[in-house]
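With the hints as constraints, model all of the structure from the sequences given.
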Amino acid sequence: MGFCLHTLPSFSEVLKEIKSKLRPTKSNALNTRRLALPEELCCRFSLADIKAATNNFHKNMIIAEGDTGFIFGGKINDGFYAIKRLRPTSDSHLPLLELRFGVKFLSQLHHPNIISLLGYCDEKEEMIHVYEYANNGSLYDNLHAENHDPIPWKRRLEICISVARALHYLHTGAKFVLIHRDVSSKNILLDDQWTSKLCNFSFCKRGPHSMSRDPISIEIESDIAYTSASIAPEVAISGRVSHKTDVFSFGVVLFEVLCCRRIFDAELEMDQRFLYRWACKCIENGTIYSIIDPYLKGKIAPQCLKKFLEIAYSCVQFEENKRPTMGEVEVTLELALELQKQAESEMESTNPQETAFVASRTPMPSIFTIQIEAATTNFHQDMIIGHETYGEPIYRGLIDDGTLLTTALKSLY
Numbered sequence: 001m002g003f004c005l006h007t008l009p010s011f012s013e014v015l016k017e018i019k020s021k022l023r024p025t026k027s028n029a030l031n032t033r034r035l036a037l038p039e040e041l042c043c044r045f046s047l048a049d050i051k052a053a054t055n056n057f058h059k060n061m062i063i064a065e066g067d068t069g070f071i072f073g074g075k076i077n078d079g080f081y082a083i084k085r086l087r088p089t090s091d092s093h094l095p096l097l098e099l100r101f102g103v104k105f106l107s108q109l110h111h112p113n114i115i116s117l118l119g120y121c122d123e124k125e126e127m128i129h130v131y132e133y134a135n136n137g138s139l140y141d142n143l144h145a146e147n148h149d150p151i152p153w154k155r156r157l158e159i160c161i162s163v164a165r166a167l168h169y170l171h172t173g174a175k176f177v178l179i180h181r182d183v184s185s186k187n188i189l190l191d192d193q194w195t196s197k198l199c200n201f202s203f204c205k206r207g208p209h210s211m212s213r214d215p216i217s218i219e220i221e222s223d224i225a226y227t228s229a230s231i232a233p234e235v236a237i238s239g240r241v242s243h244k245t246d247v248f249s250f251g252v253v254l255f256e257v258l259c260c261r262r263i264f265d266a267e268l269e270m271d272q273r274f275l276y277r278w279a280c281k282c283i284e285n286g287t288i289y290s291i292i293d294p295y296l297k298g299k300i301a302p303q304c305l306k307k308f309l310e311i312a313y314s315c316v317q318f319e320e321n322k323r324p325t326m327g328e329v330e331v332t333l334e335l336a337l338e339l340q341k342q343a344e345s346e347m348e349s350t351n352p353q354e355t356a357f358v359a360s361r362t363p364m365p366s367i368f369t370i371q372i373e374a375a376t377t378n379f380h381q382d383m384i385i386g387h388e389t390y391g392e393p394i395y396r397g398l399i400d401d402g403t404l405l406t407t408a409l410k411s412l413y
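Take the sequence shown: its position 73, counting from 1, is numbered 73 in UniProt numbering, and each next residue is one higher.
Calculated from the structure, these hints are not laboratory results.
Be aware that a few hints might be false.
[As the list claims (entries may be wrong)] Computed cross-link-like contacts, BS3-like style, restricted to lysine-lysine with a CA-CA straight-line distance of at most 27 Å:
#1 K281 <-> K299
#2 K186 <-> K205
#3 K154 <-> K124
#4 K186 <-> K59
#5 K341 <-> K306
#6 K124 <-> K51
#7 K75 <-> K124
#8 K154 <-> K341
#9 K297 <-> K281
#10 K59 <-> K75
#11 K154 <-> K299
#12 K186 <-> K297
[Said to hold, decoys possible] Computed beta-carbon distance windows for the label pairs:
#13 K75 <-> P352: 14 to 24 Å
#14 L268 <-> N56: 35 to 45 Å
#15 G386 <-> A356: 44 to 54 Å
Backbone N, C-alpha and C define an ideal beta-carbon position, used for all residues, glycine too.
This is the structure in structure tokens:
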């Protein structure tokens with residue numbers, strides 16, 4: 001019997017279950033491999049079908065290389081799928097554990113912005129996942145590959161909103177918080193309608209109960225070191241992760257989408273190598289326009305950009321309690337998109353000949369405003385220490401340089 005979403009097992013629970021059923025003898029190896037896989041959760045494809053779809057795993061059918069294996073494109077019956085063949089390891093149990101964990105885990109995540117696991121194959125020594133195919137590739141490739149057209153600004157916003165919804169679902173849609181831990185543009189796929197699909201759950205961790213916000217402790221794993229340009233500070237320092245870890249990484253993606261620059265570039269000056277740090281410094285100095293994707297020049301409504309920068313900046317705050325939740329990120333990005341649509345509509349109705357927004361019309365958010373919002377946890381009621389004469393709440397908090405801040409809400413709005 002399969003698990004329901006509200007009792008989704010952690011990896012350790014699945015590992016314990018599988019190990020209890022594994023036997024080292026060769027005589028029953030094949031039966032053991034097939035023993036614990038829940039056929040009712042998704043389809044089991046035959047190895048013959050997989051080989052036919054991939055031309056016997058021919059290298060020309062490879063469309064990507066994942067963390068634990070190659071991904072082939074292939075047609076089975078009337079559908080085209082992404083077929084992930086897990087590579088063998090020195091521990092023969094590891095691919096088996098990943099396959100079974102993936103089937104039990106991914107087949108129960110139902111969200112339009114999370115890649116769907118459609119089936120698997122566990123015949124002989126093969127360990128294979130079969131996913132829906134996203135034929136527009138990854139967000140990373142669409143941003144950085146030379147053979148891709150630039151992505152329009154509103155489409156970029158819609159992609160970001162969809163990913164925010166997927167992460168919001170992971171953080172709040174089950175009994176336990178599910179932490180992706182590897183949010184990056186490479187793990188955001190785009191289908192033929194440009195709908196974004198969050199993928200690659202190899203490093204996903206189950207956090208505390210969804211009503212709790214207590215972090216959990218993990219060990220740093222060398223196999224995710226390549227994502228250090230977007231990893232949250234608390235993970236690098238202490239190995240502690242929470243739902244705010246994903247928020248930080250998503251903030252890095254937001255800056256990547258806006259600037260169309262790689263999140264780390266060793267060839268740049270030291271203070272420009274990490275994109276999110278460079279972008280934050282540009283916001284503080286009022287020079288953010290200098291690093292925005294040139295293709296977007298004149299295409300972003302100033303009020304839209306202001307909201308986008310505010311939420312991106314908040315996501316990459318050093319202290320995790322100053323970062324917003326993914327629900328707050330989702331709502332803010334939706335507002336940014338609405339402001340963009342309104343500005344375009346107003347421009348079209350008032351001056352059809354004008355085709356570009358002027359950057360100087362609306363000032364960018366001052367760093368002081370953003371710091372106040374971060375220091376007061378976006379004006380959370382727990383930060384209220386009193387009220388002004390006419391009832392306006394007074395908030396207290398620390399800004400990044402350690403300065404004690406006391407401010408009334410009326411001073412900002």
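Should the hint that K75 and P352 are 14 to 24 Å apart at their CB atoms be regarded as holding? Given about 47 Å between the Cβ atoms, the range is violated.
Could you grab the alpha-carbon distance between K186 and K297 and see if it respects the 27 Å cut-off? holds (25 Å)
Between K59 and K75, is the straight-line Cα distance small enough, at 27 Å or below? It holds: about 15 Å lies between the C-alpha atoms, which stays within 27 Å.
Does K299 lie within 27 Å of K281 when you go C-alpha to C-alpha? holds (23 Å)
Could you check the hint for me, namely that L268 and N56 are 35 to 45 Å apart, CB to CB? With a Cβ separation near 44 Å, L268 and N56 satisfy 35 to 45 Å, so the hint holds.
Checking one constraint from the list: CA of K154 to CA of K299, max 27 Å. Satisfied? holds (9 Å)
Hinted pair K154 and K124, Cα distance within 27 Å: violated (47 Å)
Mind checking the alpha carbons of K341 and K306 for me, to see if they're no more than 27 Å apart? holds (14 Å)
Going straight from one Cα to the other, do K75 and K124 come out at no more than 27 Å? holds (21 Å)
Quick one, are K186 and K205 close enough, alpha carbons at most 27 Å? holds (19 Å)
Is K297 close enough to K281, meaning Cα to Cα at most 27 Å? holds (20 Å)
Taking only the CA atoms, is the gap from K186 to K59 under or equal to 27 Å? holds (21 Å)
Going down the numbered hints, you'll see the structure goes against 3 and 13, while the others check out.
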